[in-house]
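Engineer: We have chain S already, so just place chain B on it with the hints.
Each chain is listed here by its residues.
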Amino acid sequence: MIGSILAAKIDFIQVSTLGLRLVPTLSSLTEHCSDELADDLGALVRAIERLSSAVNGGQTNRHDLLNAVAAVKGYSEMLLDSADEALIPVRDQVDEIASALSQTSQTPESLPATSRALDSLTGCSILVVDDLPENLDLMSRLLQKMDCDVITANSGRDALSMLAERPVDIVLLDLVMPDIGGREVLARIKADEQLRALPVIMISGQQDMDHIIDCIQIGADDYLLKPVNSVLLNARIKSGIERKRWHDKEEQYREQLEKREQFIRQTFGRYISDAIVEEILEKPEGLKLGGDLRNVTLMMSDIRRFTTLVEHLPPEQVVLLLNRYLGKMTDIILHHGGTIDEFLGDAVLAAFGAPSESDHHAEQAVNCAIEMQSAMADINAMNADDGLPHLEMAIALNTGEVVAGNIGSERRSKYGFVGHQVNVTSRIEDDALPNEILISEQTLQAIDNDVFEVGDSRTLNAKGMEGLLTVYPVIGVNLNG
Amino acid sequence: MASSTVLLVEDNDINRDMLTRRLTRAGLTVMTATDGASALDAMREHQPGVVLMDMTLPVLSGWEATEKAKSDPSVAAIPIIALTAHAMAADRERAMKAGCSDYETKPIDFPALLSKIYLFLGANNT
Numbered sequence: 001m002i003g004s005i006l007a008a009k010i011d012f013i014q015v016s017t018l019g020l021r022l023v024p025t026l027s028s029l030t031e032h033c034s035d036e037l038a039d040d041l042g043a044l045v046r047a048i049e050r051l052s053s054a055v056n057g058g059q060t061n062r063h064d065l066l067n068a069v070a071a072v073k074g075y076s077e078m079l080l081d082s083a084d085e086a087l088i089p090v091r092d093q094v095d096e097i098a099s100a101l102s103q104t105s106q107t108p109e110s111l112p113a114t115s116r117a118l119d120s121l122t123g124c125s126i127l128v129v130d131d132l133p134e135n136l137d138l139m140s141r142l143l144q145k146m147d148c149d150v151i152t153a154n155s156g157r158d159a160l161s162m163l164a165e166r167p168v169d170i171v172l173l174d175l176v177m178p179d180i181g182g183r184e185v186l187a188r189i190k191a192d193e194q195l196r197a198l199p200v201i202m203i204s205g206q207q208d209m210d211h212i213i214d215c216i217q218i219g220a221d222d223y224l225l226k227p228v229n230s231v232l233l234n235a236r237i238k239s240g241i242e243r244k245r246w247h248d249k250e251e252q253y254r255e256q257l258e259k260r261e262q263f264i265r266q267t268f269g270r271y272i273s274d275a276i277v278e279e280i281l282e283k284p285e286g287l288k289l290g291g292d293l294r295n296v297t298l299m300m301s302d303i304r305r306f307t308t309l310v311e312h313l314p315p316e317q318v319v320l321l322l323n324r325y326l327g328k329m330t331d332i333i334l335h336h337g338g339t340i341d342e343f344l345g346d347a348v349l350a351a352f353g354a355p356s357e358s359d360h361h362a363e364q365a366v367n368c369a370i371e372m373q374s375a376m377a378d379i380n381a382m383n384a385d386d387g388l389p390h391l392e393m394a395i396a397l398n399t400g401e402v403v404a405g406n407i408g409s410e411r412r413s414k415y416g417f418v419g420h421q422v423n424v425t426s427r428i429e430d431d432a433l434p435n436e437i438l439i440s441e442q443t444l445q446a447i448d449n450d451v452f453e454v455g456d457s458r459t460l461n462a463k464g465m466e467g468l469l470t471v472y473p474v475i476g477v478n479l480n481g
Numbered sequence: 482m483a484s485s486t487v488l489l490v491e492d493n494d495i496n497r498d499m500l501t502r503r504l505t506r507a508g509l510t511v512m513t514a515t516d517g518a519s520a521l522d523a524m525r526e527h528q529p530g531v532v533l534m535d536m537t538l539p540v541l542s543g544w545e546a547t548e549k550a551k552s553d554p555s556v557a558a559i560p561i562i563a564l565t566a567h568a569m570a571a572d573r574e575r576a577m578k579a580g581c582s583d584y585e586t587k588p589i590d591f592p593a594l595l596s597k598i599y600l601f602l603g604a605n606n607t
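Going down the list, the protein sequences come from chains S and B. Taking my numbering, the leading residue of the first sequence gets 1, the next gets one more, and so forth. Taking my numbering, the leading residue of the second sequence gets 482, the next gets one more, and so forth.
Derived by calculation from the structure, the hints in this document are not laboratory data. Where is the CB? At the ideal position from N, CA and C, for every residue including glycine. One thing to keep in mind: the hints can contain errors.
Said to hold, decoys possible - Below, in silico cross-link-like pairs of lysine-lysine (PhoX-like), each with a Cα-Cα straight-line distance of 20 angstroms or less:
{"hint": "1", "chain 1": "S", "residue 1": "Lys244", "chain 2": "S", "residue 2": "Lys190"}
{"hint": "2", "chain 1": "S", "residue 1": "Lys249", "chain 2": "S", "residue 2": "Lys259"}
{"hint": "3", "chain 1": "B", "residue 1": "Lys578", "chain 2": "B", "residue 2": "Lys549"}
{"hint": "4", "chain 1": "B", "residue 1": "Lys578", "chain 2": "S", "residue 2": "Lys238"}
{"hint": "5", "chain 1": "S", "residue 1": "Lys238", "chain 2": "S", "residue 2": "Lys249"}
{"hint": "6", "chain 1": "S", "residue 1": "Lys244", "chain 2": "B", "residue 2": "Lys551"}
{"hint": "7", "chain 1": "S", "residue 1": "Lys238", "chain 2": "S", "residue 2": "Lys226"}
{"hint": "8", "chain 1": "B", "residue 1": "Lys578", "chain 2": "B", "residue 2": "Lys551"}
{"hint": "9", "chain 1": "B", "residue 1": "Lys578", "chain 2": "S", "residue 2": "Lys145"}
{"hint": "10", "chain 1": "S", "residue 1": "Lys145", "chain 2": "S", "residue 2": "Lys226"}
{"hint": "11", "chain 1": "B", "residue 1": "Lys551", "chain 2": "S", "residue 2": "Lys238"}
{"hint": "12", "chain 1": "B", "residue 1": "Lys578", "chain 2": "S", "residue 2": "Lys244"}
{"hint": "13", "chain 1": "S", "residue 1": "Lys238", "chain 2": "S", "residue 2": "Lys145"}
{"hint": "14", "chain 1": "S", "residue 1": "Lys238", "chain 2": "B", "residue 2": "Lys549"}
{"hint": "15", "chain 1": "S", "residue 1": "Lys249", "chain 2": "B", "residue 2": "Lys551"}
To be verified - Here chain B is said to cover these stretches of chain S; the calculated rule only asks that three of the stretch's residues, wherever they fall, bring their Cβ under 8 angstroms from a Cβ of chain B:
{"hint": "16", "region": "88 to 96"}
{"hint": "17", "region": "211 to 222"}
What the hints assert, rightly or not - So the derived label-pair ranges between C-beta atoms look like this:
{"hint": "18", "chain 1": "B", "residue 1": "Ala557", "chain 2": "S", "residue 2": "Asp192", "range": "24 to 30 angstroms"}
{"hint": "19", "chain 1": "B", "residue 1": "Leu595", "chain 2": "S", "residue 2": "Gln14", "range": "25 to 31 angstroms"}
{"hint": "20", "chain 1": "S", "residue 1": "Leu20", "chain 2": "B", "residue 2": "Ala557", "range": "45 to 51 angstroms"}
{"hint": "21", "chain 1": "B", "residue 1": "Ala557", "chain 2": "S", "residue 2": "Arg254", "range": "37 to 43 angstroms"}
{"hint": "22", "chain 1": "S", "residue 1": "Ser356", "chain 2": "B", "residue 2": "Gly603", "range": "22 to 28 angstroms"}
{"hint": "23", "chain 1": "S", "residue 1": "Ser27", "chain 2": "B", "residue 2": "Val540", "range": "51 to 57 angstroms"}
{"hint": "24", "chain 1": "B", "residue 1": "Asp494", "chain 2": "S", "residue 2": "Pro133", "range": "49 to 55 angstroms"}
{"hint": "25", "chain 1": "B", "residue 1": "Arg525", "chain 2": "S", "residue 2": "Ser356", "range": "39 to 45 angstroms"}
{"hint": "26", "chain 1": "S", "residue 1": "Ser27", "chain 2": "B", "residue 2": "Thr505", "range": "22 to 28 angstroms"}
Pulled out of the complex, with its shape left as it was, chain S reads as follows (with noise of 0.2 angstroms):
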């Protein structure tokens, strides 16, 4: 009965003798080389013993006895593989062992089809690529048997044009064709964005199989052999569009969250910077409460009178006024690299320096200032053509340390800056100018005064703060400094 196990390819009683006259030579062996070498020396002694008990035992089933060939298989080309010169006296022998077991492994994938019925692949669209018009007819055939939309090109150009075109669920790729090959269509899809997804099973002859495992290595998917068997084309198809849903649905969900970020980014983007919403974003252990001492340049600022101005306004222009004003101010700060702290109706405080470090906040804040006084002119022109009317902004600057962090409590808290050198920025910007930067004296030393231009300094008496308070008007700057 074991002669008619795997169609009498192999005669194992022969291997078996094979085997069992190596074993002593074998056994020798093991005294004399390594102990990972005889280790696996050790290990096909013992399978030629099991597959000598099988073969004379009678009774084992076709399963052991499978098992025991595969051992001795697998056990000799390990030791092949070795390159221990201990193993050159029975080299020969084992690769006899090896190659008369290694018949076994020949499994055409032509065999005949067994009746069982296919899947069908109702509203599958498959692109088939071949050059021979009847391997075309053959495939389509085959596949509309299963329910498919087949289209079909007969060339590698005509297939990557077709699908630049429409989308298809799975391709079948022809290896040797003249021009494009197979192997080139592959690369290309592969290398294309919107088509790296798409299943492709290559199509060859049993003699390409080098080239199928480097298509494979390339990123092909799967592959079958000439002549094509039916039940192996529907399962594989089958398992290829498998694996493309599943890509897709971990694409969709990719997405989705995507969009969610996005959303997320852009609602707290409009109060406060993209540095801080990267940093939440980021590391949100970093939204519990606590801050730091840091050294920050403030910027407060506030339209002139505004409460006198808007009085006899209806409150949608007043609204149209102040987001006119506050949106173009907010860009012009977040621009420069500026936090937002908060709008009090026309009023703004701001910090640079936090959360991100910068060397440069005082320039920065600066900088900031000067084009926001600028940006005035364009605000008023659009006020003049809806009726508005004509604003002045008033802007101080104050460097010193802060704390900033984020601060509240554990249901509503935001980032912003609390100390005394808010209160002196506030005291500044109750003495500036209409359309004047106001900055302080730490300011001003913070700043490169090559750069800057500064005017004559006014002495302000704080009150309640200690001293006299000195500050500049910022009235110019040197572009070429």
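Structural biologist: Frame of chain S, contents of chain B only:
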């Protein structure tokens, strides 16, 4: 994302030892299971990059284990290469239908098996 570990499911001790040696020599990290039920547990717990599944297994056969794995979203994406014991087309087809990504017939053609393992491990990592 996915691990580069190979889970070898094989009840035959000598073959398990042989394949473990050869796969390890080829530079792969190998873990083993000896029946279908413990294979499923190992897949869920360790999320191997690819599974080599002998189809004739005790407790839970390779066929059943594969079907269970493919209907469990936590491990469905792990490729399974069936190691079928018989050189019969029906078994290979059955393996593909059960959800295996590929198959090899015993005795194993080791270079072919390796290239399939690399294919699936590579596909996971792109």
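Engineer: Hint by hint, note whether the structure agrees.
Structural biologist: Checked hints:
Only pairs whose Cα atoms come within 20 angstroms are accepted, and S/Lys244 paired with S/Lys190 is accepted, the gap being roughly 14 angstroms. With a CA separation close to 15 angstroms, the supplied pair S/Lys249 and S/Lys259 stays within the 20 angstroms bound. A distance of roughly 13 angstroms separates the Cα atoms of B/Lys578 and B/Lys549; the hinted pair therefore holds under the 20 angstroms criterion. Restraint check: the Cα-Cα separation between B/Lys578 and S/Lys238 comes to about 9 angstroms, which is no more than 20 angstroms; the hinted pair holds.
Restraint check for S/Lys238 and S/Lys249: satisfied, since their Cα atoms lie roughly 16 angstroms apart, inside the 20 angstroms limit. Proximity of S/Lys244 to B/Lys551 is assessed by CA-CA distance (about 15 angstroms); at most 20 angstroms being required, the pair is judged to hold. A C-alpha spacing of about 19 angstroms is found between S/Lys238 and S/Lys226, which places the hinted pair at or below 20 angstroms, so the restraint holds. Taking the CA atoms of B/Lys578 and B/Lys551, the gap is about 11 angstroms. The hint holds against a cut of 20 angstroms.
Using a Cα cut-off of 20 angstroms, the hinted pair B/Lys578 and S/Lys145 holds, with the two alpha carbons roughly 18 angstroms apart. Between S/Lys145 and S/Lys226, the direct Cα distance comes to roughly 18 angstroms. Compliance with the 20 angstroms bound is thereby established for this hinted pair. Restraint check for B/Lys551 and S/Lys238: the C-alpha separation of about 14 angstroms stays at or below 20 angstroms, so the hint holds. A threshold of 20 angstroms between alpha carbons decides the hint, and for B/Lys578 with S/Lys244 the separation of about 17 angstroms falls inside it, so the pair holds.
At roughly 14 angstroms between alpha-carbon atoms, S/Lys238 and S/Lys145 fall within 20 angstroms of each other, so this suggested pair holds. Between S/Lys238 and B/Lys549 the alpha-carbon distance is near 18 angstroms, which keeps this suggested pair within the 20 angstroms criterion. Distance restraint check for S/Lys249 and B/Lys551: the Cα-Cα separation of roughly 16 angstroms lies within the 20 angstroms cut-off, and the hinted pair is therefore satisfied. With 0 residues having a beta carbon nearer than 8 angstroms to a beta carbon of chain B, the region 88 to 96 of chain S misses the requirement of three or more and the stated coverage is violated.
Coverage of the region 211 to 222 of chain S by chain B holds in this model, with 6 residues showing a Cβ closer than 8 angstroms to a Cβ of that chain against a need of three. At roughly 27 angstroms, the beta carbons of B/Ala557 and S/Asp192 sit within the given window of 24 to 30 angstroms. Look at B/Leu595 against S/Gln14: about 29 angstroms separates their beta carbons, and that is inside 25 to 31 angstroms. For the hinted restraint 45 to 51 angstroms between S/Leu20 and B/Ala557, the CB-CB distance of approximately 46 angstroms keeps it satisfied.
Separated by about 18 angstroms at the C-beta atoms, B/Ala557 and S/Arg254 break the suggested range of 37 to 43 angstroms. Hint check: S/Ser356 to B/Gly603, Cβ distance near 40 angstroms, so the stated range 22 to 28 angstroms is violated. For the pair S/Ser27 and B/Val540, the supplied restraint of 51 to 57 angstroms is violated, since their beta-carbon distance comes to about 36 angstroms. For the hinted restraint 49 to 55 angstroms between B/Asp494 and S/Pro133, the CB-CB distance of approximately 54 angstroms keeps it satisfied.
As the Cβ distance of B/Arg525 to S/Ser356 is approximately 43 angstroms, the hint placing it in 39 to 45 angstroms holds. Under the hint 22 to 28 angstroms, the C-beta atoms of S/Ser27 and B/Thr505, about 24 angstroms apart, fit the expected range.
Hints 16, 21, 22 and 23 from the list above are not met by this structure, while the remaining hints are.
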